[in-house]
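Engineer: One-letter residues, chain by chain:
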Amino acid sequence: MSLYTYLLISAIIFAIGAYGIITQRSGIKILMCIELLLNSANLNLVAFSSFNGNATGQVFAIFSIAIAAAEAAIGFAILVALFRVRDTINLDNINILRW
Amino acid sequence: MFSDYAALIVLLPVIAFVLTLFLGKKLPHGGAYLPIAAIAGSFIISLGTFLEIYPTDGIVQQSMPWFAGMNLGILIDPLAVVMLMMVSFVSLLIHIYAVGYMSHDPAKPRYFAETSLFTAAMLSVILSDNILQFFISWELVGLCSFLLIGFWYHKPSAAAAAKKAFLVTRVGDVMFLAGIVLLYVNMSEIITSRAFSVGPENFILQFKTMFEAIPLINPTQLTYITLLFFGGAIGKSGQFPLHGWLPDAMEGPTTVSALIHAATMVTAGVYLVARTFPMFAATPATLSAGVPDSLLIVAYVGGFTALFAATMGLVMNDIKRVLAYSTVSQLGYMMLALGTAGAVVGAQAVGISMFHLISHAFFKALLFLCAGSVIHAVGTNDIREMGGLFGKMKITGTTMFIAALALAGIGIPFINIGTAGFFSKDMIIEKAFEYGELKGDFIPYAFAIIAALLTSIYIFRLWFMAFTGKPRSERHSHESPGVMTRPLMILALFALFFGFAHLGFYDYLNKNFELMTGEKAALEGESLQMSPIIVLLPVIVGVLGLLISYAIYHRRMLDMSKLVSTQNPLYKLLLNRYYEPKIGADIIGVKLTHDVVAQSGEFVDRKIIDGLVIDNIIGNTLFKLGEFVRKLQTGVVQNYASVTILGIGLLIIILRIKFGGT
Amino acid sequence: MSYGLLAPEIILTIVGLVIILLGLLITDKSKNMIGYFGAAGLVVALGYVLKTMTAEGSFFYNALVIDPLSQIFKLIFLIVSLMVVIASISYFKDNRNQDEYYALILLSTVGMMVVASANDLVALFVGFELASMSTYVLAGFEKKNPASLEAALKYFIIGSLSSALMLFGMSLVYGVTGSTNIPVIIEFFKTNPMMATNSLDIIAMIFLVAGFGFKMALVPFHMWAPDTYEGSPSVVSSLLAAGSKKMGFVAAFRVLVLALVAIRIDIQMTFAILAVITMTYGNIVAISQRSIKRMLAYSSIAQAGYISLAFVVMTQMSVAGGVLLALGHALMKGGAFIAVALVGYMVLSDNRNAKNLDDIGNFAGLGKRAPITAFSLLVFFLALAGIPPSAGFIGKFVLFYSITIEAVAQASNWLLLVVIIAILNSALSIYYYARVIRYMYVLPPNGEKIKEPTPYVVAILLAVIGTIGIGIYPEPFIQMAMNAASVLGV
Amino acid sequence: MAALISLMIAIPLLGAIITFLTRTREQARSIALLTSGLSLVISLILFSRFDSSISTIQFGESYPWIASLGVSLKFGLDGIGMPLVLLSNIVIPLTVLFAWGETKQANQFYGLILLELVGVLGVFTSLDFFVFYIFWEIVLIPMYFLISIWGGPRKDYSAIKFFIYTHVASLVMLLAIFSLYFNAWQVSGVPNFDMFYLLKNYSVIESPLLKDAIFLALLFGFLVKMPAVPFHTWLPDAHVEAPTAGSVILAALLLKMGGYGLFRVILPILPFSGSPGKLISLMAIIGVLSILYGTFLALAQRDLKKMVAYSSISHMGYVTLGAAALIPLSVSGAMFQQFSHGLITAVLFMSCGVIQHSAGTRIIHDLGGIAKHMPKLAFLMLAGFLASLGLPGMSGFIAEFLILVNSYFTLPTFVILALFGIVFTAGYHLWAMQRAVFGTYNEKLGHIHDGADYGIASMAILVLLIIFFGLNPNPVLTMMTTNANQLLNFVVLRGVIT
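Those protein sequence lines, which keep their order, are chains A, B, C and D.
Sequential numbering from 1 applies to the first sequence in the numbering used here.
Sequential numbering from 1001 applies to the second sequence in the numbering used here.
Sequential numbering from 2001 applies to the third sequence in the numbering used here.
Sequential numbering from 3001 applies to the fourth sequence in the numbering used here.
For the record, the hints were derived by calculation from the structure and aren't laboratory data.
The beta carbon of each residue, even a glycine, is placed where N, CA and C say it ideally should be.
Be aware that a few hints might be false.
[As the list claims (entries may be wrong)] Just a few of them, taken from the derived set where beta-carbon distance is under 7 Å, the chain D residues facing chain C:
#	residue
1	3013
2	3017
3	3018
4	3022
5	3062
6	3134
7	3148
8	3163
9	3164
10	3182
11	3212
12	3216
13	3363
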């Protein structure tokens, strides 16, 4: 597989993630889409690392995975707190702050 | 010795002004004695100066630098000294008279302060040795006139008349100022081009410097300058077409009318032309260039005004209005004298004109004071409500009759006995005739002689209506107190006998411009020998006018009711003063200037420049835009994400287009 | 190798961790002490930074560098954190979660400082995320308040999206250049200029811009900012607007030099458009706000527009101007949000159940009710509007000046147009500031005069002194900014 | 006694701070009067030591400030600045005196007035463009507050319009300052904000287009302040709503900053601009347009104060015209017009203030005959109005006369146009006097009475000064002429006009 195949796949994943963020209403799904975005970048990094012949990319990817985990944790925490107050995580309804 | 204190002539009344204004309330008679004393001082110094310089043909010149190359200074030459004596003397008499006349007015201090300031300003006009100081004093005279016309400011008509007087004369003043601007520019160009050197004692706008530079000034420019000066004179002396303010100015106290609008201030215009006469006289050289001769215009305007004002004098019913139009008419004579005689006898015209000016000052002041005395007695201005007053007011009646005779110019020709007006006015009419002979243009003469007839008719109409016949009002009238009648008698003496001074006067004034510049003016031509009929004619029309009035208004030989009715268009035209107030004030003043120009300006300013551009286009658009854009912030987070991603997409597209893609 | 130059970060990390530990050990009542402890830590760190303003050094295989640019931004972050911490002593008084709060603030500050020093994309990303994640939590710290949670959620979603975008961009850069070390990347583009203009690289650049732009609140990556600033606790808004926003700028300064080397004119034009749209948008929308925090948020967007003008020409002068304005903005906006927090305190003391604490109506007669706050807000607003003598003026002055001279030097009409638009914007902003000023000083008060709590006052006065001080004696700050700019070698 | 100028600026600044902190209005006004009076004393000392025969900067002071930008605190006075410093120091204490009875937030009120003094003094004395700009901007803020706290019904709109409009103009001017600064920097390699230095290097700029752009930007900045038509629309609004003290300061001092800019900045660079001929015509057109437009608009006003505001526009038009004529005496006339208008307009606005205060209205039609009950006011107001319409013997005449007479050399057509305005100028002044002050007393006004003594006193002092300078303009005119001559040396050298 050439580099471009990886890039293509990563681009597709990225696109799916982006599309999901725009269209989904559930907070959880949006979190998952963000994970998709991050992982498309990770895929890139690893692929480039392999083709560039140095390990920096893989190191970067490991960092990024760790961060993504933390991020997801925070995201869920916020969603839980929100759910306690508002009884919903449908993002369409969460718009008291606007204009 | 007196001439060293010449500055005091002006300063004394100024000091009196300040003192009276602030201390007048605490002094008896509203502090009237301060200005009287001060003006008496001015008169004494003037007289003393005259006696000093008359025998030696001297002149007094004092000057000091002021600002930016201008100066303040004093010039007392024959022209100035006779004016000084006249103004201070008449003013003194009128002030004395006013002590009685104004005795019941609560605002006496203000009155006397203002008349005192007026006298100072007028004396300063006369004394000025440069045109700027002349202009400044001239404006102050106008200011005082404004203040005094509006003396009873709580009367709306008085406030309106004051405003009108100031505005109309302002039109002339602006022309005068424009003339000064033009003169200054020409003078400084002459000076910088070094074609002309000024000594350290000479200043750019000094009369002396100006007159010396006359030959160097471009003749066309000189004509413009003189015409603009004359424009100023038209405004101040109430010549056509800026005459309308003067009859309205009668809203002030009668003493003011006598002082300002008859004897002194209005003559400032004539004095201006006389003062700068060498410049006017130098203009005919440009006739060939198609530019009109300034003196010709002076003559025509003066002559026309003399006639024009006299026609209105015929129909006025307000005693002061009649006298006001008479003043306008007589000022026209003075202008006419400067214009026609200037062409015939050169600078001697100044003497002729000034002589009429001074004799007019005496008899017109007298007329007004008499009118004041009458008004004081009957409490109305309307001559239709007077009548039969002679029995009750002998002194007033007699003195007024003398004044009327003087105004009508009645005397006995060939043996030279007559009233002041006889000598002064007949001389002008004769010169107008000579001018006709010389130039083949008898129009000025025609103006003058017809006006003389009308003058005689209206003044005796006034006298007969007021003093003879049956009383037409119930009011019990009585003679005025001595403080008022004594000045009348003094003035009557002058009105009767001043004329005999005419020869000496002419001689003295003829030297005027020679003394200043040191050059001898060429005497132009000997007087023509005149046919007796021409010499007699002015007197004949004068007497004729008297008889006509006697017939109509005393003997009631003619029924005037047909003529004197608003059905008669001519009468209506005259009574409405040729619709001048309507055209001047309503149409030009209010409709055109205020309603059309100013209001449309206001509209443009508020609605277009400010409203449309600033408020609507800039202000409202921004607010509306803000309100609109604000709504894009929906509060839904997916939309935010969409915008972010859309933004990235757009950026990529923009940059790809830039690069064409690789 | 000595790690002395990294002492501030180390101290803050330790203090942060100790605070968490302390929180477990002490009673809820004595937690009010923690704020002072945090402030002390910040003061020590600040002292270190001030001492080493001109120091240079590099650490961890050149992943972190200490240079004037990093130091001046660290200064900004530390000052802001200090202000926020001091103000929070009042704001979060008697809150039983104070320990976590202060720990998060300190950690987020460490994150920002790491970004300021980052010389490697990995370090940059890690620092970015540290700061971001701490602030996500901080934004939602009032966990009973739906607005606060909503703010946190929006901030979090858009923030993570941006992080992902940025990471994606970084991956592409790494792919093209084979390195994550910024100087190496720049060197690579310098030697291979052709590489710089391929599509991948442009996309990478845009993704990076999006990532930084999110923090900077640059249109179109700004959408979260008004909601988050409005919903978060005011002191946290202060940290976000004044502190973490600047993180985006320092990252952009470091990385986008590369853009400058790479694609020059076009990125210039793009930034110019972004900057102009941002400032205009911010100002126009700010006009009609009734919530002062929201208005400040939009004003903050507008300010981001001004600061990003620095990228348009990328001269030493313009970067210095950007840095100065960033410094000024940190003080002014930080102070302003804290002042709003004080107003909220005041309103609550009137009425415990009051809603819309930052409604403009609550500012009526503030000049009488809380004179120090009102005066400080006046100073901040005038400074934000660019009226001299103030930090805002000096920053704008240098910045606008740098653009003008470029416009003149390049005879570039569109650059001139950009400045003129910036200037008109600056004038327009007066409108909404003046509106608040009017409420404060012209309208009658609707309550009694209050006693302003000391911690707030200290924090606000710190900002006021900084704002005016820079305005009156800008010389050392200009020097610092110029030094910082010279690091970039532009 | 080297630092007199900075002392003169520092005293009112200190006074302002103290005033803000005082508690009672008696303290506040006493301190305001005291400090502004001290400042007046210093300016009188400066004035008496001033050598009118030299055109260079006197009493120069310089302190380093922002070295990296080349900014230093440079102050100094010459014939352009000295009279305006004197004017400021005359007007402000009198304004404080006039507003002696202010009760609303008095300490802030007097403090802001003192801050205005600080601002204008700074503008008129600073010789460093950066410092100049700072003072230029500082002036806005107190005025904004004066209007928006103590103003009339539409004060919000007016205050903000004033603030933004003039601020935009300052910013445009700032751009031009940038360009000048950059240019000078390139020439010498050293950053320097010295005003004269920047202006001197203007001629080095190569592109005529750029030169003109800089010139126009500066001109715009000053014309808005003056204000000249068509950039004047902020002025009527500001004046109508401002409190009397604010109007007085605005018209008497703030407008003068624009004129000061013309002399200090515009004239020195005018001969070196890209197309001086066109720019001169532009200035002349704007000047005459302002004169006539202001006059006619004043004629249309129903509100006395608005009328006075438009008359200010008209009078400031003379300044532009005189400056554009580039004749030494026309320029010094224009400078004198600034000085004189400052005194006159103060009287006019004070009159409006007294009328508003006691009659409760300023609409001319609603007044009438107030002279009956307010004789002192009527007298002083009449004096002010007469001065304003250019009555000889008052300072306004000297200025307008010098401008008209001397501008005729280079701009004859414009002078003739301006002359037309004079009649109408007299017209609206007298019309207003007649309707408002004279005539039958309008009984609807109820019982009115003369203004308070301190107000009348300060007006009287101003009237005396107007008359004094009308009779003897030399104390200030001489120094103006000296500097005007020096300014125009360049003009002659460059052969801009022949």
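Engineer: Checking each numbered hint in turn, tell me which of them this model violates, lowest number first.
Structural biologist: 1, 2, 3, 4, 5, 11, 12, 13
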